[in-house]
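A.B. asks: As they're listed, the protein sequences go chains A and B. Per numbering that gives the first Met the number 0, residue 0 is the first one in the first sequence, and the count goes up by one each step. Per numbering that gives the first Met the number 0, residue 0 is the first one in the second sequence, and the count goes up by one each step.
By construction, these hints were calculated from the structure, which means they are not laboratory data. A few of these clues could be false.
Said to hold, decoys possible - In the BS3-like style, the derived pairs of lysine-lysine whose C-alpha atoms are separated by at most 25 Å in a straight line are: (1) A:Lys187 <-> A:Lys197; (2) B:Lys307 <-> A:Lys298; (3) A:Lys269 <-> B:Lys411.
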Amino acid sequence: MIAPRSISRVASAAAIACWWLFGAAAAADSILAGTVTDAVTHQPIVGAQVDIEYSGQMVGSGTSDVDGLYKVPFTIPPSAPSLVIMIASAHSQSYEINRSNFQVNAGTPVETAHNISLFPRGVMACLSQAEHPVIVGHFLSPLGRDFSNLPDRVALSMDRALNTRLQTVHLPPELQPSFEPCDAAKPKTPRLGPNFAKALRADAFIGGDVAEEPPHFTVSTYLSDAYDFFSSPEIAISRSVDLNNPSGASMAAEMHVAVLAAIASGLARKNDCVTAITVLSVAEQLINVVPSYIAALRKDCEARLPNAGLTKASP
Amino acid sequence: MTTFGASCRLTLLAFAMLLEAGGVARAGIDVPLEREARELMSHGERDRFFSNVRNRIAAFTFDDPHAIGLGDPIAFLLAKKLLFSARVSSVGIVNYRESVDRDFSGKLAYFDQVDAITEDQGFLLAIWGHLSQTEDGVRADSFLQVPANVGGTPFFSEIRLPKQMGGGTLTARLKPDRIQLQSLDIDRDHVSALRAAAAEVATLRAEPDVFAATIGRIPEDQPYSIVDSQEDWVRLRFADGTYGWTSVDAFCIDVCRDLMDVATFINDAVALTSNLPARSVPESLTREAAAMSDQLAALVALTTNPRKAIEIIGPWAVEGFGSPSAGGAGFANLFAVASVAAELERASALEPEFNRIRLDREVVERIAQRLAEASVAHPSDLDILENLAVLFAYLGDERRRSLALQIAATLKAR
Numbered sequence: 000m001i002a003p004r005s006i007s008r009v010a011s012a013a014a015i016a017c018w019w020l021f022g023a024a025a026a027a028d029s030i031l032a033g034t035v036t037d038a039v040t041h042q043p044i045v046g047a048q049v050d051i052e053y054s055g056q057m058v059g060s061g062t063s064d065v066d067g068l069y070k071v072p073f074t075i076p077p078s079a080p081s082l083v084i085m086i087a088s089a090h091s092q093s094y095e096i097n098r099s100n101f102q103v104n105a106g107t108p109v110e111t112a113h114n115i116s117l118f119p120r121g122v123m124a125c126l127s128q129a130e131h132p133v134i135v136g137h138f139l140s141p142l143g144r145d146f147s148n149l150p151d152r153v154a155l156s157m158d159r160a161l162n163t164r165l166q167t168v169h170l171p172p173e174l175q176p177s178f179e180p181c182d183a184a185k186p187k188t189p190r191l192g193p194n195f196a197k198a199l200r201a202d203a204f205i206g207g208d209v210a211e212e213p214p215h216f217t218v219s220t221y222l223s224d225a226y227d228f229f230s231s232p233e234i235a236i237s238r239s240v241d242l243n244n245p246s247g248a249s250m251a252a253e254m255h256v257a258v259l260a261a262i263a264s265g266l267a268r269k270n271d272c273v274t275a276i277t278v279l280s281v282a283e284q285l286i287n288v289v290p291s292y293i294a295a296l297r298k299d300c301e302a303r304l305p306n307a308g309l310t311k312a313s314p
Numbered sequence: 000m001t002t003f004g005a006s007c008r009l010t011l012l013a014f015a016m017l018l019e020a021g022g023v024a025r026a027g028i029d030v031p032l033e034r035e036a037r038e039l040m041s042h043g044e045r046d047r048f049f050s051n052v053r054n055r056i057a058a059f060t061f062d063d064p065h066a067i068g069l070g071d072p073i074a075f076l077l078a079k080k081l082l083f084s085a086r087v088s089s090v091g092i093v094n095y096r097e098s099v100d101r102d103f104s105g106k107l108a109y110f111d112q113v114d115a116i117t118e119d120q121g122f123l124l125a126i127w128g129h130l131s132q133t134e135d136g137v138r139a140d141s142f143l144q145v146p147a148n149v150g151g152t153p154f155f156s157e158i159r160l161p162k163q164m165g166g167g168t169l170t171a172r173l174k175p176d177r178i179q180l181q182s183l184d185i186d187r188d189h190v191s192a193l194r195a196a197a198a199e200v201a202t203l204r205a206e207p208d209v210f211a212a213t214i215g216r217i218p219e220d221q222p223y224s225i226v227d228s229q230e231d232w233v234r235l236r237f238a239d240g241t242y243g244w245t246s247v248d249a250f251c252i253d254v255c256r257d258l259m260d261v262a263t264f265i266n267d268a269v270a271l272t273s274n275l276p277a278r279s280v281p282e283s284l285t286r287e288a289a290a291m292s293d294q295l296a297a298l299v300a301l302t303t304n305p306r307k308a309i310e311i312i313g314p315w316a317v318e319g320f321g322s323p324s325a326g327g328a329g330f331a332n333l334f335a336v337a338s339v340a341a342e343l344e345r346a347s348a349l350e351p352e353f354n355r356i357r358l359d360r361e362v363v364e365r366i367a368q369r370l371a372e373a374s375v376a377h378p379s380d381l382d383i384l385e386n387l388a389v390l391f392a393y394l395g396d397e398r399r400r401s402l403a404l405q406i407a408a409t410l411k412a413r
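Next comes chain A alone, as it looks inside the complex (with noise of 0.2 Å):
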């Protein structure tokens, strides 16, 4: 029983040494394209390295180029059936590495372009399990100050104070919003916040910066939604903040009206207008006068509901 395979073990590491020898000088069989970009900014990143692999052998090698691009020639081995599955390994500094598969039919790869996209290091960590994450990001420190653990203590805070009041409506514990300290994710602008939001699919992205005006710090937090709900990140600052308090670090309520909205919208998008508006009920309570744009998604959603239909009598 032992015999056959051992034989055919042999016979394909025979093949593959083969290749190897004389196939390797030989001109490359074929070609993947494609662009490398950065999962959340979707830029190009210039000068990634893009390793194709057959096998466990490294078959073609390439690098992509001032706009992302990349074209890697590489070798099919003789003894590949004529439908292979290869792996696209790409790299590149201060990013992960990527391992995807491609399909190569016939010598020639099944998509005209293989697009990868990288996330930058630590930041798909932060790639929660949860139905509904809300990401808490880094906080911009002033000079020689380490407020590394803020994202924890603020996802804590926002954790206990917004899960306990979407408790009393009986929102079930799969459609509570996660709270995910994200340190690793460091926007360049607060612009990059949905990206942020969308790239880690959560529902909403929460970063800030903390500003010290001794003996207190002022702490400014933005939040993004993945919905495009926010045209801008909805600003909120605390003032006069004792970060030298290991565990405070209460939000203002502004900004818990605006984690809501972005929950809410995403279940207003998926067409849950029902939760939608007992969501933003708690928003509601939250403060004393409602933003604008809570109001303008009641309605919004008020107007998709079939209840509209019973204020209306019948001819």
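Given chain A, put chain B in place with the hints provided.
C.D. replies: Coordinates of chain B only, in the frame set by chain A:
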């Protein structure tokens, strides 16, 4: 111990047992939360505490994610205030304390423990809360929970329509069933004072006096009941036959007094359901608490005096039920049910045979129209939809009746 003392104790014991047997007792117990939650999960259900007592209330240790160490003292003080200052004669207070046993694997989230236990025990009301650290100290958020399944509780009421109007039933219930009662900021200096107050209340004294000799502490897992009282002091008898005096008001001052407003509010709410007069809501409490108090008063009045119910709801109706406000759906629905009840009461002056009453269609149409608008603002409210179906049936509006039922069925299926 003299013979007199022993016989006195026996008499008191017999007296207390007599009281409990008749469901008239003021009793309490302090138990660990996590053990109760764990045993509930492994056994499916637990024996009910004080099952023969009419008003059973739970006070859960406040969730304390930052380990401030106030979760137990706050719940303990609230539980004792609830018991010592109860306005009704039959009350049982269960104080769920934080467990020492912290390595419970597969541990439920705080809120899920509260929810599961409240449902299993069938408490009339439950208080829970959570603590957060603020810039100046600690914030204690207190919540009140009314059981979700309210059949047979005072938080639910219904009126029947006359046979001539279809004989349907309109239902009203307290909404929302979970409300925030208070959000209290406790500055740093008062945190230790609260802990000290709880420790004093837990201490049993030989006489009803701050300076009396201390004779022990309120133990865990041992039921006790009030057997005597003198001004702010109560005398407790424990299951093992021991006694001791204690007091909340003698030790609870400053911010602790504000905190006790939560217990006072709940005692007033329970009193209301026993037809005792309403009292004003303490100022430290939320608007939601005030809304709940009025809604409960209106609900209690609904069947006997619907016009009074409408009067109580009146101030909350100014904003219009179509707009979001505290207790919005509950008020809107209660207002409609009370309006129908008031119209029926008026009509019964002319038609003594209840089942022959037919209300003016225009009047009912107006009530239904307002309720339909509330249904748009509160689309998840089932009572509103089911009441609308009853009203539309009377109005002969088959399209709207079936639409209301269809939306209700969709909601129930979720």
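A.B. asks: Compare the structure with the hints numbered earlier in the document and write down the numbers of the violated ones, lowest to highest.
C.D. replies: Failing hint: just 2.
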